[in-house]
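Student: Listed below are the residues making up each chain.
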Amino acid sequence: MNLVLCLLCIMLIPLAAAGLALIHQGLGRSRSAAHAMLASVCAMAISAIVFVAIGFSFAGFAGAPFHSIAAGGVGWDWLGAAGFFASGVHFDGVDPVGLSKALTLCLGMFAAGLAAMIPLSAGTDRWRLGPICLASALLAGLIYPLFAHWVWGGGWLAQLGTNFGMPGFVDMGGAGVIQVVGGSMGLAVAWILGPRRGKYSDDGMATAIPGHNIVQVLFGCVVALVGWMGLDSAASILFYGAGVTQVVGVVINAMLSASGGCLAAVAITRARYRKPDASLSANGWIAGLVAGSAACAMVSPVAAIDIGVIAGALVTYMIEIFELKLQVDDPGGAISVHAGAGMWGLIAVGLFGHFSDGTRGGHLLAQLVGIATLLGFMLPLLYAGNLLLNRFVPYRVDNDGDWQGMDIRELGAGAYPEFVVHADEFVPR
Amino acid sequence: MNLVLCLLCIMLIPLAAAGLALIHQGLGRSRSAAHAMLASVCAMAISAIVFVAIGFSFAGFAGAPFHSIAAGGVGWDWLGAAGFFASGVHFDGVDPVGLSKALTLCLGMFAAGLAAMIPLSAGTDRWRLGPICLASALLAGLIYPLFAHWVWGGGWLAQLGTNFGMPGFVDMGGAGVIQVVGGSMGLAVAWILGPRRGKYSDDGMATAIPGHNIVQVLFGCVVALVGWMGLDSAASILFYGAGVTQVVGVVINAMLSASGGCLAAVAITRARYRKPDASLSANGWIAGLVAGSAACAMVSPVAAIDIGVIAGALVTYMIEIFELKLQVDDPGGAISVHAGAGMWGLIAVGLFGHFSDGTRGGHLLAQLVGIATLLGFMLPLLYAGNLLLNRFVPYRVDNDGDWQGMDIRELGAGAYPEFVVHADEFVPR
Amino acid sequence: MNLVLCLLCIMLIPLAAAGLALIHQGLGRSRSAAHAMLASVCAMAISAIVFVAIGFSFAGFAGAPFHSIAAGGVGWDWLGAAGFFASGVHFDGVDPVGLSKALTLCLGMFAAGLAAMIPLSAGTDRWRLGPICLASALLAGLIYPLFAHWVWGGGWLAQLGTNFGMPGFVDMGGAGVIQVVGGSMGLAVAWILGPRRGKYSDDGMATAIPGHNIVQVLFGCVVALVGWMGLDSAASILFYGAGVTQVVGVVINAMLSASGGCLAAVAITRARYRKPDASLSANGWIAGLVAGSAACAMVSPVAAIDIGVIAGALVTYMIEIFELKLQVDDPGGAISVHAGAGMWGLIAVGLFGHFSDGTRGGHLLAQLVGIATLLGFMLPLLYAGNLLLNRFVPYRVDNDGDWQGMDIRELGAGAYPEFVVHADEFVPR
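From first to last, the protein sequence lines stand for chains A, B and C. Using numbering that gives the first Met the number 0, the first residue of the first sequence is number 0, and each one after it goes up by one. Using numbering that gives the first Met the number 0, the first residue of the second sequence is number 0, and each one after it goes up by one. Using numbering that gives the first Met the number 0, the first residue of the third sequence is number 0, and each one after it goes up by one.
Just so you know, the hints here were simulated from the structure itself, not pulled from any lab data.
One copy or any two copies: either way a pair holds, since identical chains are not told apart in the list.
Cut-off 20 Å, straight-line C-alpha distance, at most; resulting in silico cross-link-like pairs (EDC-like, lysine to aspartate or glutamate):
(1) Lys198 - Asp399
(2) Lys198 - Asp397
(3) Lys198 - Glu319
(4) Lys274 - Asp399
(5) Lys274 - Asp401
(6) Lys274 - Asp397
(7) Lys274 - Glu319
(8) Lys324 - Asp202
(9) Lys198 - Asp401
Treat the numbers as computed from the prediction; the structure is a model and nothing was measured.
Sequences are here, hints too, so could you generate the full structure?
Tutor: As structure tokens, this is what we get:
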């Protein structure tokens, strides 16, 4: 029964992808909108194929073979070793174990796609399609599975307890596995690409480049909510054994975290700029979903609101710091929304989670070990991997393309050929 | 099994919200489109938090404590008294009673949000965001739960029988609880706000102000269908014990009612104006969904078509009467579509429903008691509540804001900053 | 359990319709966009009512009465004979047989609507709304049910084995029943309508008329994916007895086929025109879904990728052949995407399917018999039916309407009245 529920929840996950794709393109320029959508679709597509072909082998699943390394006197399960091309998964059986395995493949396929879509938001308006495809393959085939194995596949982070008498690292809905990994890659990509032409003046002042379609951005938020409820529920059932009543809590918490995140961003932007900022409010909504997913089935509704409010507040400040202080041009706010709020969500597991065993301090420590791994190992790995790819296939469009927009430059046609658009504001000539 | 089905149906309800939000903004002006979407998202968000915090306590659920008042020799269950902040709901159990309770909270949270979104459609292009948030909190925290308790929480309308030997008032999918309540608030808000600038000339002639994006409106109709199928199914299972096969009927009936409503509006507008009106056809589709939801699991497919056709026809005339005769400016047609078609749906329960006991006349009478309560008690209450709020926080944007559009006025940025729009048609200068 | 899963999958099918509607309008002109959406909604609506009223009787279901004809010494089950107006379906029972029957009605209702929407894509920008409604009724009431009965209702194609010792014709997700039937009607309609004004110059050169909103087209692809996963899963369970684990395979395969189709189109258009074509890539995605649906629950993930890649490649060439060589103006590519890729999918059943009995040659032969029936009987029938309707109600808008656009001509108002559009490119004056 729970596994049927899990399957149906997985079927909703593409709506999270659909919502994020709408948000990404809507926060970018109209001259790059078709490119942004096609890049999202291609990232999903490549990730699905590459994850099924090789990524799933490395991600593995509880009970599958794995590679282990001995260090400090104990064995560290660091890499899955399931078959390539889903060879160990059979779809014609009726046993629950086989069904779980198939569901793990299915969920992983969509999760890898979500992770691969996140960096697109940071690279909007200047990241070329070819490198996007290669980077998605790298993420879905090698880097995402690594961390997914450590957390969801029975790897060393999940088993901190076995080696250290600590509780395991917990990430019920993928705040770390999907969001922080994707957001960290967004940071790596934004560093490599540099800002859009015209984003920063010579004296370092940032120009606001508003998103070209806020209606789609906010519609995407509601669509993404449905996908997120599916994602959080499915992962909670599959990796943490959540029951049906707990899943009701997951659905309620997802809505409340998103609500808290959005309203916090509305209130803060209104207080600071006298008018609420619609784009940041949308980012607050998604930040609430991101942060709430880590502890989705183990916190009360009140805690879910708190987690969302803090995520929404955090993101409004973090986006400003990245844009103005650090001069990292992240058009969709992916770094703050996915990596920033995701890390907060992982900490919130330790602060708010109901655990049946272990001390709160122990759980908090386990979460910090996971975050340290994300920042200290995954981010450098993502940066190095993308830097290497960028050597061979330059990520950034040339200067003319930046001015023309990605649609004309890379696809040869605009997204809205019949609509009259303001062609050249924001761009120095 | 049925409760798992119910949970998954609930997860589809946000698609109804997503569809309605698209419809609302598409039927308004482009200069207020981002505001319309943000208002929808904020109304959902506030409603969710306030309903979980306090509204659920008043809405209650069958078997929960309640407040009762003695009048006419019998006790009237008039208000729920469950715990605040969902304190009585536990998500870690496995018993069906606890699961039902959690599902009731979850469904109520989304239902309150839907009700709160409906009046936005009547207030499009002139209702400010701050008052929208307060009014949503008032609705979700106090007024919606009142009527929801009476119908779905075991209150006096559901128990007409116990006190009077009458059948209970029946509203399977929320045509009264959600739609008439929301639509009545739309009427109250439209009265308080008055028409948009330029809508009526000095001699009382109405100017047609067409919606700015009909593609989104019609797309929203199809998206809302999925959400509505979820809503009708979930409420039928949870509050009326519908079985799986009945839920199949609910899904079929939702599609047929929407179809009947849409085609009736197409045919009538074509007959009257020589060309079908796309906006009214969309309104007819939603009116079919609204009217069909009251009796969704207790009528045959043929009756569902009839209910939809009458709803669609009703709405085309009703929108005209409100716009031209009563000079109530309701850009999205929310009053007719939600309150009008909703009341028709409640009557249709008595006319078409298959009942296992009671006379048809008795059921019809029970439905009329419910409608009388909506018109005689809920509408005045909604009007008074909003009038009071309007005292402290003026609902209407000032004259400049009406001319500028809500996006620039309240959010400081337009929804489509790169598209060239006709800036000033329809507005007298 | 499986039937509850089936029901929930059916509830997702309207998302396939929503996605296709977005794609159709986005690939057409802005001046016909509202018309395209309203036509999609009306086609769904009419199909639902007509299918429930009469089509279901002819489509029938396994175990229902049917008409049989004796030829060549054996009996051919050629037409269902269930009750009209769903009279044989009861929604208040609890037995699995009654539930299956109700689900068959429900699935058929949506499937007929999908089939009826497909030809709209070929008739975009010139097919009038009245004839669209009549043609949808003809398809959903008579023609679709015929073929659906033969394949899904226990008719002669499903029972090839009984009469010939051959395996039965297999179409798990409707690649033939829905897609080829709909796409063939698209071809018939495109023939009858002729090309749009300005599409071909006097010397036969084709003018490219790009879609007016590629963002919506690509967003529609992701939304359609969810609906397709529901459709393939529901039909596999209901007509081919697929179990839960097989349905996980269906979901994975749908994603992989779509991915393969999209990436193949990206790669091929890039290789041929130096830049990937976003519209053709979207068509490749849908072609992958179409082709993959035939064998959805009986192939491995690797085969699903292959099926999708070949479908995507096929469609890029086929669209060009229809547009340039055959001078058939099919704005949305419906003929290639639905009929072309659908036939490939039916063949792929024979090439890639895992069968428990029968030889691969036998299965391939059965699939070819089905395709021959589609091309040799259904296509002429569709052409004749539409030609006849066209006699009485001319399909094509007049020359002025072609220039004005369908929105002004048939609906009296544009889809985007506030946006400034390029009014007259592509149209000779």
